[in-house]
Amino acid sequence: MNSSIIVFPGSNCDRDISDALEKLKFKNTMVWHKDTTLPKSDLIIVPGGFSYGDYLRSGAIAAKSNILNEVIKSANDGCLILGICNGFQILTETGLLKGVLLRNKNLKFIGKDIYVKTINTDNKFCNKYKKDQVLKFNIAHNEGNYFTNSDHLKELEDKNLIPFKYCDKEGNMHEENNPNGSLNNIAGIFNDKKNILGMMPHPERMIDQMISGNDGANLFSSLLN
Amino acid sequence: MKITNNIVEKHGLKPDEYSKINELLKREPNLLELGIFSAMWNEHCSYKSSRIHLKNLPTKGKQVIQGPGENAGVIDIGDNDAIIFKIESHNHPSYIEPYQGAATGVGGILRDVFTMGARPIALLNSIHFGSPEHPKTKTLLNGVVSGIAGYGNCIGIPTVAGETKFNSTYNENILVNAMAVGHAKKDKIFYSKAKGLNKSVVYVGSKTGRDGIHGSSMASTEFNENSEDKKPTVQVGDPFAEKLLMEACLELMKDKSIISIQDMGAAGLTSSSVEMASKGELGIELHLDKVPCREEGMTPYEMMLSESQERMLIILEDKKEKDAKKIFDKWDLDFVVIGKTTNTNNLTLKFEDKIVGEIPIDALASKAPLYERKWTKKKLPEKKINIKDLKKIKLEDALIKILSSPNESNKSWVTEQFDQMVMNDTAQKSGSDAAIIRIHKKEKAIAMTVDSSADYCKAHPLTGGKQIVCESWRNLISVGAKPIAITNCLNFGNPENPKIMGEFAECLIGLKEACEFLDFPVVSGNVSFYNGTNKKNIDPTPVIGGVGLIQNTQNKISHVLKKEGNIILQVGKTFGHLHQSIFFKEIYSITEGPPPEVNLSNEKNNGEAVLKLMNKRLIVSAHDVSSGGMIVALAEMCLPSEYGLKIERPQKLSNLKEYYFGEDQGRYLLEIEAKNLLNIKKILNENNIFNESVATVQKHYFEMIDEFKIDKNELYKANNKWYNNY
Numbered sequence: 001m002n003s004s005i006i007v008f009p010g011s012n013c014d015r016d017i018s019d020a021l022e023k024l025k026f027k028n029t030m031v032w033h034k035d036t037t038l039p040k041s042d043l044i045i046v047p048g049g050f051s052y053g054d055y056l057r058s059g060a061i062a063a064k065s066n067i068l069n070e071v072i073k074s075a076n077d078g079c080l081i082l083g084i085c086n087g088f089q090i091l092t093e094t095g096l097l098k099g100v101l102l103r104n105k106n107l108k109f110i111g112k113d114i115y116v117k118t119i120n121t122d123n124k125f126c127n128k129y130k131k132d133q134v135l136k137f138n139i140a141h142n143e144g145n146y147f148t149n150s151d152h153l154k155e156l157e158d159k160n161l162i163p164f165k166y167c168d169k170e171g172n173m174h175e176e177n178n179p180n181g182s183l184n185n186i187a188g189i190f191n192d193k194k195n196i197l198g199m200m201p202h203p204e205r206m207i208d209q210m211i212s213g214n215d216g217a218n219l220f221s222s223l224l225n
Numbered sequence: 001m002k003i004t005n006n007i008v009e010k011h012g013l014k015p016d017e018y019s020k021i022n023e024l025l026k027r028e029p030n031l032l033e034l035g036i037f038s039a040m041w042n043e044h045c046s047y048k049s050s051r052i053h054l055k056n057l058p059t060k061g062k063q064v065i066q067g068p069g070e071n072a073g074v075i076d077i078g079d080n081d082a083i084i085f086k087i088e089s090h091n092h093p094s095y096i097e098p099y100q101g102a103a104t105g106v107g108g109i110l111r112d113v114f115t116m117g118a119r120p121i122a123l124l125n126s127i128h129f130g131s132p133e134h135p136k137t138k139t140l141l142n143g144v145v146s147g148i149a150g151y152g153n154c155i156g157i158p159t160v161a162g163e164t165k166f167n168s169t170y171n172e173n174i175l176v177n178a179m180a181v182g183h184a185k186k187d188k189i190f191y192s193k194a195k196g197l198n199k200s201v202v203y204v205g206s207k208t209g210r211d212g213i214h215g216s217s218m219a220s221t222e223f224n225e226n227s228e229d230k231k232p233t234v235q236v237g238d239p240f241a242e243k244l245l246m247e248a249c250l251e252l253m254k255d256k257s258i259i260s261i262q263d264m265g266a267a268g269l270t271s272s273s274v275e276m277a278s279k280g281e282l283g284i285e286l287h288l289d290k291v292p293c294r295e296e297g298m299t300p301y302e303m304m305l306s307e308s309q310e311r312m313l314i315i316l317e318d319k320k321e322k323d324a325k326k327i328f329d330k331w332d333l334d335f336v337v338i339g340k341t342t343n344t345n346n347l348t349l350k351f352e353d354k355i356v357g358e359i360p361i362d363a364l365a366s367k368a369p370l371y372e373r374k375w376t377k378k379k380l381p382e383k384k385i386n387i388k389d390l391k392k393i394k395l396e397d398a399l400i401k402i403l404s405s406p407n408e409s410n411k412s413w414v415t416e417q418f419d420q421m422v423m424n425d426t427a428q429k430s431g432s433d434a435a436i437i438r439i440h441k442k443e444k445a446i447a448m449t450v451d452s453s454a455d456y457c458k459a460h461p462l463t464g465g466k467q468i469v470c471e472s473w474r475n476l477i478s479v480g481a482k483p484i485a486i487t488n489c490l491n492f493g494n495p496e497n498p499k500i501m502g503e504f505a506e507c508l509i510g511l512k513e514a515c516e517f518l519d520f521p522v523v524s525g526n527v528s529f530y531n532g533t534n535k536k537n538i539d540p541t542p543v544i545g546g547v548g549l550i551q552n553t554q555n556k557i558s559h560v561l562k563k564e565g566n567i568i569l570q571v572g573k574t575f576g577h578l579h580q581s582i583f584f585k586e587i588y589s590i591t592e593g594p595p596p597e598v599n600l601s602n603e604k605n606n607g608e609a610v611l612k613l614m615n616k617r618l619i620v621s622a623h624d625v626s627s628g629g630m631i632v633a634l635a636e637m638c639l640p641s642e643y644g645l646k647i648e649r650p651q652k653l654s655n656l657k658e659y660y661f662g663e664d665q666g667r668y669l670l671e672i673e674a675k676n677l678l679n680i681k682k683i684l685n686e687n688n689i690f691n692e693s694v695a696t697v698q699k700h701y702f703e704m705i706d707e708f709k710i711d712k713n714e715l716y717k718a719n720n721k722w723y724n725n726y
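Protein chains in written order, with this note's numbering: chain W, 1 to 225; chain D, 1 to 726.
To be clear, the hints were calculated from the coordinates, so they are not data collected in a lab.
Note that beta-carbon positions come from the ideal geometry of N, C-alpha and C, so glycine has one too.
The reader is advised that the hints may include incorrect statements.
Said to hold, decoys possible - With a cut-off of at most 30 Å between alpha-carbon atoms, the simulated DSSO-like pairs for lysine-lysine come out as follows: (1) D/Lys320 x W/Lys34; (2) D/Lys350 x W/Lys40; (3) D/Lys2 x D/Lys350; (4) D/Lys556 x W/Lys169; (5) D/Lys699 x W/Lys169; (6) D/Lys354 x D/Lys320; (7) D/Lys322 x W/Lys34; (8) W/Lys105 x D/Lys675; (9) D/Lys2 x D/Lys401; (10) W/Lys23 x D/Lys444; (11) W/Lys136 x W/Lys108; (12) W/Lys112 x D/Lys675; (13) D/Lys675 x D/Lys652; (14) D/Lys378 x D/Lys354; (15) D/Lys699 x W/Lys136; (16) D/Lys573 x W/Lys112; (17) W/Lys169 x D/Lys646; (18) D/Lys330 x W/Lys34; (19) D/Lys354 x W/Lys34; (20) D/Lys48 x D/Lys378; (21) W/Lys130 x W/Lys64; (22) D/Lys512 x D/Lys573; (23) W/Lys105 x W/Lys40; (24) W/Lys108 x D/Lys536; (25) D/Lys717 x W/Lys108; (26) D/Lys556 x W/Lys112.
Said to hold, decoys possible - Partial pick of chain D residues on the chain W-facing surface, computed with a CB cut under 10 Å: (27) Gly156; (28) Ile157; (29) Thr159; (30) Tyr301; (31) Ala427; (32) Lys556.
Please model the complete structure; the sequences and the hints are all you need to start from.
So, in structure tokens, the structure goes:
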């Protein structure tokens, strides 16, 4: 599988994702933000970090970069797109995914391990997971509080466009297990065609039991299925 | 402009220092030159009060590649891997402007590490605030923590360990110490010493603005009522710019184009250029018209004294400019040749085709003032309090009170604001005895810790100095690492006061003795004097950053209890020393008396024995016994685990409180499997290491036979409420 990781000057999870892909033998290319063409890719990843410093709204400037135009074109052609953390923020800023990521409800950066439950596994990204599986992921963000209008929220739920929701260790999805205030405990969403996934947790940080856990590995191996 | 006494005083220079400047120049300085002298001769840059004592510290060792004197210290961890690390203070700026002060503290220490060719892999911090009731504490705590987070999270280096403490001694002068650790190839380390004539001196990074002018001079005086006015001397950080600078520098370092490189930290362009020229015994000529400026109309004085962040000075090999510039263009950073090396041994400054300043380099560096300040010794205070004379308190009530006190409470409110996982090598996070970072794509890992004990150092600086080195050593051993070397950040009051200078001198003697005995050399560090306001000095607070090596990350050890039925063995003898303990301070507000005695040979023997057991894979988990004594350490092993403990009352006993809350040194708690007990005791006894079984792992309850039985959740609640309620 051919993959590309978009590297902005302030990306800081690009190496971690590249390591995860390398482990699973993806043929990966790092694509510099000033490039104007993309190599042929089955999967494009927009990684976490602080794209252009994010002193303006997170992802706002990155969404206007040249390379993102190419990403949008590929997305519309059906290419798989994965935006993690800042990548998710960028995808919402481009409009590829609807809704916005607000400041966390406690108005602080949150960096910790959390649990998510798999809601939809019938897609390219999550097919190696079981439905209602509880996974340990790590989050690290200032703006991860997902918000959208009520019509879109209903659509997300009705069309099963939510792969992951925040929960506790036992899988209970209550407000107290919602780290950042996201509507309906949403940790990630798809577009209509489910070829684009945006998520706040970092699956690439959970690929090694000795370091932190390996609940993220199946997300990448799902893509090879 | 005529230099008046008033101008000299405003530059923080004493009249005799000004006379010395006239002597060295053989004329009066102009204002620019005076500013440069003031920047280089202040305490922060010149170490004029501390150098005489610092030179006694052990700085060499089998694994030391570079000791103090460079941007950071370098140690050898085998296979051509080197670890580069240093700790530095940013106390004064953080008190005036907590967010930016703390953020730029992180930025500065990161530059010290990547300047030498290392990719930073971890950040640590030691932050000390006034009492929680003090009206400024909350704002300062919030600002400092978010400043550290804002910088480290953005640049993408995990912040993995630290300490957050409260003590009224810091009410008017907080401490913010930041430590950075990086990894480099041993054969690719870069130094600041200039070499060769007519080599290009290149300015890279962010533009120069008017921020931070006289920052280092501000950090070299005590605060007074008007300190708020010093806000403009605090620099403003831009972590995104630092990320660009770091990546560009590391990219340039892959090639052989750099002769020497130095970050512009305290005293900016002045200290970086003087440092490089001084080490290379050369002169340096700068054309200030070429300095990239953020604002129009900046004067040479402002350019030379600005402490704008995220800037570097590089001396390049001939004909490398074009390729080097390409790299900085890629990262959208300024790259300007602003001068060259010369054989004049002078710092020569040109502006608008005129020489605007010319100072012999040695006048700024080697001939800077050096003081042998008067200092007084402190006697070991007597033990005056007998526990039997104090009002009775139940053991479990005292424990709960300590676990819910600001200093002993769970610190996840702080550490969850940090990205601890980015770079994906964090094998152990904050809250452990030491953090563990795997060397990328290798088996081995390094362990890191920062520690301080101001109460011990205040009570008896000599013992306190020793103790803090031992504490660092114990924390590293507790996670399965072999201790290698330390960096130190020495936070003290006004060195012109003989009592304060005595605290400094004696802490350093303690440090020296412990480092020598444990073969734990000092490879880098920083001195911060003048921590105080209106003649009220802070308690002496040396902070130690220790680094150790774990050969295989799989063998890391945590303090989290693992299995029901396992036994807790304590290594090291308990005498029941309560003076200067958390127990006396929190429960009875008693702050007098001597700190616990430090027996270096016990420390060494106990530590080495524990490591030996770990290497035989006989230890399941481990924790060092420190503030709060054995009972707090036992509780700390329960808290993050799924288990409780059943604690046996000691058979021979003087007093239960002394036994459980005493802070005797050199002790470890080891969780072991019951089947290994005899074998382990045999190994320890053969080596004359005192040991005793103290508890058994069980479910649900933290209990002491015939004394108390607490639901583990109660313990957890007590430990987790303070920050959330503050």
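Results of checking the hints against the structure:
1. Among the hinted pairs, lysine 320 of chain D with lysine 34 of chain W is consistent with the structure: their alpha-carbon atoms are about 24 Å apart, no more than 30 Å.
2. Proposed proximity of lysine 350 of chain D and lysine 40 of chain W is contradicted: the alpha carbons are some 54 Å apart, above 30 Å.
3. A hinted pair counts as satisfied when its Cα atoms are at most 30 Å apart, and lysine 2 of chain D with lysine 350 of chain D qualifies at roughly 20 Å.
4. For the given pair, lysine 556 of chain D sits about 25 Å from lysine 169 of chain W by alpha-carbon distance, which is consistent with the 30 Å threshold.
5. Only pairs whose Cα atoms come within 30 Å are accepted, and lysine 699 of chain D paired with lysine 169 of chain W is accepted, the gap being roughly 19 Å.
6. As the CA atoms of lysine 354 of chain D and lysine 320 of chain D are separated by approximately 28 Å, the hinted pair is consistent with the 30 Å bound.
7. Between the alpha carbons of lysine 322 of chain D and lysine 34 of chain W the distance comes to roughly 20 Å, so the proposed pair stays at or under 30 Å and holds.
8. Restraint check for lysine 105 of chain W and lysine 675 of chain D: the C-alpha separation of about 50 Å exceeds 30 Å, so the hint is violated.
9. This hinted pair does not check out: lysine 2 of chain D and lysine 401 of chain D have alpha carbons roughly 63 Å apart, beyond 30 Å.
10. Pair hint lysine 23 of chain W plus lysine 444 of chain D holds up; C-alpha atoms about 19 Å apart against a cutoff of 30 Å.
11. Straight-line distance between C-alpha atoms of lysine 136 of chain W and lysine 108 of chain W comes to about 21 Å, which keeps the hinted pair within the 30 Å bound.
12. With a C-alpha separation of about 36 Å, the suggested pair lysine 112 of chain W and lysine 675 of chain D falls outside the 30 Å cut-off, and the hint is violated.
13. For the suggested pair lysine 675 of chain D and lysine 652 of chain D, the alpha carbons sit about 25 Å apart, so the restraint of at most 30 Å is met.
14. Distance check on the hinted pair: lysine 378 of chain D and lysine 354 of chain D sit about 55 Å apart at the alpha-carbon level, beyond 30 Å; violated.
15. The straight-line distance between the Cα atoms of lysine 699 of chain D and lysine 136 of chain W is roughly 24 Å, inside the 30 Å bound, and the hint therefore holds.
16. Proximity of lysine 573 of chain D to lysine 112 of chain W is assessed by CA-CA distance (about 38 Å); at most 30 Å being required, the pair is judged violated.
17. With a CA separation close to 27 Å, the supplied pair lysine 169 of chain W and lysine 646 of chain D stays within the 30 Å bound.
18. Between the alpha carbons of lysine 330 of chain D and lysine 34 of chain W the distance comes to roughly 9 Å, so the proposed pair stays at or under 30 Å and holds.
19. Restraint check for lysine 354 of chain D and lysine 34 of chain W: the C-alpha separation of about 41 Å exceeds 30 Å, so the hint is violated.
20. For the proposed pair lysine 48 of chain D and lysine 378 of chain D, the alpha carbon gap of about 23 Å is at most 30 Å, so the pair holds.
21. A threshold of 30 Å between alpha carbons decides the hint, and for lysine 130 of chain W with lysine 64 of chain W the separation of about 37 Å lies outside it, so the pair is violated.
22. About 25 Å separates the Cα atoms of lysine 512 of chain D and lysine 573 of chain D, which keeps this hinted pair within 30 Å; it holds.
23. For the hint pairing lysine 105 of chain W with lysine 40 of chain W, the CA-to-CA distance comes to about 40 Å; that exceeds 30 Å, so the pair is violated.
24. For the given pair, lysine 108 of chain W sits about 34 Å from lysine 536 of chain D by alpha-carbon distance, which is inconsistent with the 30 Å threshold.
25. At most 30 Å may separate the alpha-carbon atoms for a hinted pair to count; lysine 717 of chain D and lysine 108 of chain W meet this at roughly 22 Å.
26. Restraint check: the Cα-Cα separation between lysine 556 of chain D and lysine 112 of chain W comes to about 21 Å, which is no more than 30 Å; the hinted pair holds.
27. The criterion of a C-beta within 10 Å of any C-beta in chain W is met by glycine 156 of chain D, whose closest approach is roughly 3 Å, and the hint holds.
28. Because the beta carbon of isoleucine 157 of chain D sits about 8 Å from the nearest beta carbon in chain W, less than 10 Å, this interface hint is met.
29. Checking threonine 159 of chain D against chain W: minimum C-beta separation of about 8 Å stays under 10 Å; hint holds.
30. Evaluation of the tyrosine 301 of chain D hint against chain W yields a violated restraint, the C-beta minimum of about 30 Å exceeding 10 Å.
31. At a threshold of 10 Å, the smallest CB-CB gap from alanine 427 of chain D to chain W is about 5 Å, leaving the interface hint in force.
32. Below 10 Å, beta-carbon pairs count as interface contacts, and lysine 556 of chain D has one with chain W at about 8 Å; its hint therefore holds.
Hint violations for this structure: numbers 2, 8, 9, 12, 14, 16, 19, 21, 23, 24, 30, all remaining hints satisfied.
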